[in-house]
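Colleague: The chain contents come next:
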Amino acid sequence: MKIIVLVKEVPDTYGERKLDLETGLADRAASEPVLDEIGERALEVALAHADAHADTEVVVMSMAPESAATTIRKGLAMGAGSAVHIADPGLAAADLGLTARTLAAAIRRTGFDLVITGNLSTDGSGGVIPAMLAELLEVPNATALTSVEITDGSVSGTRDVDGGTMRVSAPLPAVVSITEALPDARFPNFKGIMAAKKKPFETVSAADLGIEPEDLSAAWSIMTAIAEKPPRTAGTKITDEGDGGTRIAEFLIENRLV
Amino acid sequence: MTDHPAAPILVLLEATPDGELATSAAGLVAAASGIGAPVALVVAAPGRAQSLAEQAAALGAERVLAAETTSAQSELTVPHVDALAAAAKLIAPEAVLVSNSIDGRDIAGRFAARTGAPIAVDAVGVSRDDEGVLAHHSVHGGAYNVVSAATFGPLVVTVRQGAIDARAEARPVATESLEVPASGAASATIESVEPVTETSSRPELRGAKRVVSGGRGLGSAEKFALVEELADALGAAVGASRAAVDAGYIQANHQVGQTGVSVSPQLYVALGISGAIQHKAGMQTAKNIVAVNKDPDAPIFEVADFGVVGDVFAVVPQLISALAERKR
Chain F
1 MKIIVLVKEV
11 PDTYGERKLD
21 LETGLADRAA
31 SEPVLDEIGE
41 RALEVALAHA
51 DAHADTEVVV
61 MSMAPESAAT
71 TIRKGLAMGA
81 GSAVHIADPG
91 LAAADLGLTA
101 RTLAAAIRRT
111 GFDLVITGNL
121 STDGSGGVIP
131 AMLAELLEVP
141 NATALTSVEI
151 TDGSVSGTRD
161 VDGGTMRVSA
171 PLPAVVSITE
181 ALPDARFPNF
191 KGIMAAKKKP
201 FETVSAADLG
211 IEPEDLSAAW
221 SIMTAIAEKP
231 PRTAGTKITD
241 EGDGGTRIAE
251 FLIENRLV
Chain W
1 MTDHPAAPIL
11 VLLEATPDGE
21 LATSAAGLVA
31 AASGIGAPVA
41 LVVAAPGRAQ
51 SLAEQAAALG
61 AERVLAAETT
71 SAQSELTVPH
81 VDALAAAAKL
91 IAPEAVLVSN
101 SIDGRDIAGR
111 FAARTGAPIA
121 VDAVGVSRDD
131 EGVLAHHSVH
141 GGAYNVVSAA
151 TFGPLVVTVR
161 QGAIDARAEA
171 RPVATESLEV
181 PASGAASATI
191 ESVEPVTETS
201 SRPELRGAKR
211 VVSGGRGLGS
221 AEKFALVEEL
231 ADALGAAVGA
241 SRAAVDAGYI
251 QANHQVGQTG
261 VSVSPQLYVA
271 LGISGAIQHK
281 AGMQTAKNIV
291 AVNKDPDAPI
301 FEVADFGVVG
311 DVFAVVPQLI
321 SALAERKR
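From first to last, the protein sequence lines are chains F and W. The opening residue of the first sequence carries number 1 in full-length UniProt numbering; numbering runs sequentially from there. The opening residue of the second sequence carries number 1 in full-length UniProt numbering; numbering runs sequentially from there.
If you're looking for bench data, these hints aren't it; they were derived computationally from the structure. Hints should not be assumed to be uniformly reliable.
What the hints assert, rightly or not - Residues on chain F that point at chain W, a partial pick, calculated with CB under 8 Å:
1) S147
2) V161
3) S205
4) G235
Note that the structure is predicted; figures quoted are calculated from it, not measured. C-beta: ideal position from N, C-alpha, C; glycine also.
Put together the whole structure using the sequences plus the hints.
Modeller: Now the structure itself:
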């Protein structure tokens with residue numbers, strides 16, 4: 001079985017994240033880039049299956065600037081067999097539609113039985129890419145899974161939807177996304193890091209995939225305005241001297257919050 | 001513009017397993033009525049659509065397209081996408097609004113991919129200018145406001161749950177049955193659905209007007225009850241930091257933050273929460289923030305309107321009795 005795991009380089013949520021107010025793009029220099037944790041968990045699902053089924057091939061795939069290669073390589077160090085990096089300056093301002101078309105083309109080119117992604121990236125929090133890919137690849141989608149069972153011909157799992165818990169299953173090939181309910185990813189060990197250097201790492205351009213990034217005959221979603229909100233400022237801070245609770249109650253009453 | 005009928009805005013309204021419109025419906029219809037003429041689409045089992053249509057009209061839908069099908073109960077996403085595609089073909093909307101719920105995202109994503117329409121996700125509002133519909137986003141935990149639009153054609157927008165406070169006026173019921181040709185697109189099978197039986201009468205975290213959250217500082221699952229006590233005294237929803245969830249004090253669906261629920265309440269009370277950026281990203285757009293933490297250097301105080309450096313187990317019981325005193 002061939003499993004493609006989509007991973008993404010994101011700004012570390014534990015640092016300040018910035019957008020460039022000129023271009024509206026993420027300011028990649030402003031914060032530490034990391035492999036998105038939810039993508040690592042998605043990779044863990046694939047690697048756990050590979051641990052138990054020797055005939056499993058795990059490919060990590062990412063569409064990201066050239067500079068993200070090191071981050072993507074972490075997926076190889078964790079245990080993926082190969083990596084596909086779609087790097088093209090023309091894709092820097094890709095909207096969700098172009099991103100989905102490009103990824104779908106790369107997934108088709110690599111070939112797959114199962115695509116596993118995180119349910120929401122930490123930066124964009126869009127969460128629509130898995131379903132868009134399923135539509136473009138003409139396969140079922142099963143998203144936001146909180147448990148996953150993979151067999152030779154199918155994938156199934158549980159998903160928490162608004163107002164209930166759902167059991168779903170789909171024949172392969174399929175696209176699934178997983179939530180944080182799934183286990184933490186393994187750490188790459190020294191052996192893994194050394195082995196990663198010898199694993200296939202393919203870098204492809206939009207043209208390699210037959211994608212024309214500047215295709216204006218397609219409708220785009222564009223950013224028309226961006227503004228930084230003034231940071232919140234601290235208000236009153238007191239040290240409890242036995243009246244802290246009462247003082248909060250007074251604050252709430254004064255501000256008509258109770 | 002006054003000479004023309006308002007542009008149709010297609011709104012997909014989700015239904016709960018027990019046949020009611022989802023709580024997101026009122027905000028979606030109101031958002032649509034602010035930019036055009038709201039046309040609601042409801043997808044239901046045969047014989048069940050009329051009740052949903054009446055609810056949609058009560059929320060302000062000018063027209064309701066009712067797609068009745070048995071497949072929506074057994075197949076994931078695709079039946080709704082097929083219905084949305086049929087509705088869009090019928091009314092040629094200027095925008096398509098869908099809730100940014102788990103199912104809504106999937107439906108909107110597949111629909112956008114199928115029709116080639118641009119998609120704007122997790123909008124907190126919609127508006128229009130001379131050139132068409134705009135989606136407003138609050139990104140990176142509310143640090144930036146971003147506006148997006150389609151270069152041409154209809155824009156698909158997923159709207160953040162609880163973000164739209166406006167409500168539209170009720171309209172007379174105008175239901176039309178919608179014929180939906182099946183696309184035959186492959187879909188996952190829904191094997192079973194178990195409705196979550198909400199054991200608590202507390203408000204839902206997402207969209208709550210008041211939220212009381214607890215963190216690692218509560219110390220144990222038993223002691224976390226203090227957070228719930230204050231929440232009940234304030235009529236607030238219960239939230240938690242990731243640290244509290246990871247420590248097993250409370251279930252993950254209460255997690256507030258970058259990787260949990262984003263909230264924007266009138267009042268946010270943070271108890272024993274240090275205020276890592278991860279957490280602040282999910283709550284710093286609250287109108288008023290109150291924090292209690294024994295560490296005077298906790299980052300939560302940087303965003304708190306009123307902060308108390310002290311022991312939550314001393315401060316909070318006093319606050320609860322002060323609130324009870326006031327009610328008397």
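Colleague: Next, verify each hint and record whether it holds.
Modeller: Hint check:
1. S147: Violated, about 13 Å.
2. V161: holds (5 Å)
3. S205: Constraint on S205 (chain F) not satisfied, violated at 22 Å.
4. G235: Holds. Min distance 4 Å.
Checked against the numbered hints given earlier, the structure breaks hints 1 and 3 and satisfies all the rest.
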